[in-house]
Each structure stands twice: as C-alpha cells, then as structure tokens.
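Undergrad: Here's the letter readout for the chains.
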Amino acid sequence: GAVVSQHPSRVICKSGTSVKIECRSLDFQATTMFWYRQFPKQSLMLMATSNEGSKATYEQGVEKDKFLINHASLTLSTLTVTSAHPEDSSFYICSAQRGDKAYEQYFGPGTRLTVT
Amino acid sequence: GDSVTQMEGPVTLSEEAFLTINCTYTATGYPSLFWYVQYPGEGLQLLLKATKADDKGSNKGFEATYRKETTSFHLEKGSVQVSDSAVYFCALVNAGNMLTFGGGTRLMVKP
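Quick note, the sequences are listed as chains A and B, same order.
This note's numbering puts the last residue of the first sequence at 158; the count rises by one with no breaks.
This note's numbering puts the last residue of the second sequence at 114; the count rises by one with no breaks.
Think of the hints as simulated: they come from the structure by calculation, not from any bench.
Here a beta-carbon is modelled for each residue, glycine too, at the ideal position from N, C-alpha and C.
A few of these clues could be false.
If you want the footprint, here are the derived chain B segments under chain A, 3+ residues with CB under 8 Å [claimed, not checked]:
no. : segment
1   : 45 to 56
2   : 97 to 103
Once the Cα atoms are required to be at most 25 Å apart in a straight line, the calculated DMTMM-like pairs of lysine to aspartate or glutamate come out as [stated by the list, open to error]:
no. : chain 1 : residue 1 : chain 2 : residue 2
3   : B       : Lys-55    : A       : Asp-142
4   : A       : Lys-143   : B       : Glu-66
5   : B       : Lys-52    : A       : Glu-146
6   : B       : Lys-59    : A       : Glu-146
7   : A       : Lys-143   : B       : Asp-58
8   : A       : Lys-62    : A       : Glu-94
9   : A       : Lys-143   : B       : Glu-45
10  : B       : Lys-59    : B       : Glu-72
11  : B       : Lys-59    : A       : Asp-142
Start from the sequences, fold in the hints, and give me the full structure.
TA: Okay, structure coming up:
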C-alpha cells in the first residue's frame, strides 16, 4: 500500500525560531501534496496545496510568508513554520495524492508542534 | 460552501455492540462521500466511499449508505471490536476536487 511519512513526529521549539516538517511519499510519486492543520477536537483544515516544481496554493487566511512550502521533488514536500509563536502550536498533517482524484490522498501520521 | 457535520465523541461501546456514527453534509450538486479512519499514531486511511445517491460503501464490516434525501452518510457496524478504536472522519469531495472533512468522532471500544 501507499505509505506517507512525516518527520519529525513531535517537535518543541521556542518562540521566534523556525521549524521544518518533512513529508515523504515512500513508494509512489506525488505531483500534488497537501498540508492540513488539525486543532483539538476539530476537523482537518486545509492550509495549502503543494505542487511539484511550482508555487504552493494557499487557502484563504493562511499566511504564505509564515508557512513556507517547498515541493522540490515528486516524493518530498516540506513545511517550514517561520518565526513560530505559541498560537502556531498544533497538529500538522500532510497527504500525498497518487492519482487524479482528491480521495486518492494518502496521509502521513502527523507532526505535533509545540511552541513555548 | 460545502460542510460536513458529524456527531461529537467520544463514543464508548462494549465489544460486539452495534455502532452508528452520524454524518450529514451540505453541498451543492452531487458530491462523493467518504469515511476515513485514523488509528492511534497513524495517518488517515480511506475506509469506504460512495459516489452517488443510494450507493452503499462497505469495508471491514463497516457500511454507509449515501442518502441524498436526508443528506446523510451514517457509518454503521454490526459488532465492533477493540481494534476498531480510532477516530473516524466523514468527508466529501465536490466539484472543486478537494476533500472537506467533518470534525471527527473518537470511538473507544472496551473489552
């Protein structure tokens, strides 16, 4: 089956620092990857769509200068939270789309970010 | 815009009990409907899907029927197991080809 990994699974950083989260599709190539944010007891909120070789498309209300997305290869997308603040603490989930249908997304296990 | 509403959890059941997790949606047109499951420490996995009205999706003993008249897609299982303990997400895909998720329902099954 299709496997998507995320690294790190947990990270704690201090306010003002930046943190990078990696999302890898391990056994398939993905031209499109997605980054979601999940708040406690709430649904997944799509932050941005990452397309290999081009700029990411951000959802309304998501600061692209704060959440930098790079999709440098068909198996790797990265999300960098710049100048992190405590309100950025959350659970970040990525997915990689294998086919051309939205439901053909395979999800990573998520990264818990805590900003102190 | 499109939205999905599902019952709040946690839902706590004894092993072999009957499970229903309610899901209703609001969408224009004819969305496709999905249930995803997230086991502890793992990513979301597609559990089942239905692409048109009256379709029944099924997998691993779980079922859900696409009811357009009630805009619902309730998840059911006749006899739950401890291994079914997870968070379940109802979702839809509409014309924009993007997933819209419900809030998730945590299921806890006790032996």
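Undergrad: Are the hints correct? Go through all of them and say.
TA: Hints versus structure:
1. Coverage of the segment 45 to 56 of chain B by chain A holds in this model, with 6 residues showing a Cβ closer than 8 Å to a Cβ of that chain against a need of three.
2. Coverage of the segment 97 to 103 of chain B by chain A holds [criterion: at least 3 residues with CB-CB distance below 8 Å; count 3].
3. Taken as a hint, the B/Lys-55 and A/Asp-142 pair is honoured in the structure, with Cα atoms around 19 Å apart against an allowance of 25 Å.
4. With a CA separation close to 22 Å, the supplied pair A/Lys-143 and B/Glu-66 stays within the 25 Å bound.
5. Taken as a hint, the B/Lys-52 and A/Glu-146 pair is honoured in the structure, with Cα atoms around 11 Å apart against an allowance of 25 Å.
6. Proposed proximity of B/Lys-59 and A/Glu-146 is supported: the alpha carbons are some 19 Å apart, at most 25 Å.
7. The hinted pair formed by A/Lys-143 and B/Asp-58 meets the criterion: a straight-line CA distance of about 18 Å does not exceed 25 Å.
8. Between A/Lys-62 and A/Glu-94, the direct Cα distance comes to roughly 18 Å. Compliance with the 25 Å bound is thereby established for this hinted pair.
9. Note on A/Lys-143 and B/Glu-45: the hinted pairing holds, with a Cα-Cα distance of about 22 Å set against a maximum of 25 Å.
10. At roughly 15 Å between alpha-carbon atoms, B/Lys-59 and B/Glu-72 fall within 25 Å of each other, so this suggested pair holds.
11. A distance of roughly 23 Å separates the Cα atoms of B/Lys-59 and A/Asp-142; the hinted pair therefore holds under the 25 Å criterion.
Of the numbered hints stated above, none is contradicted by the structure.
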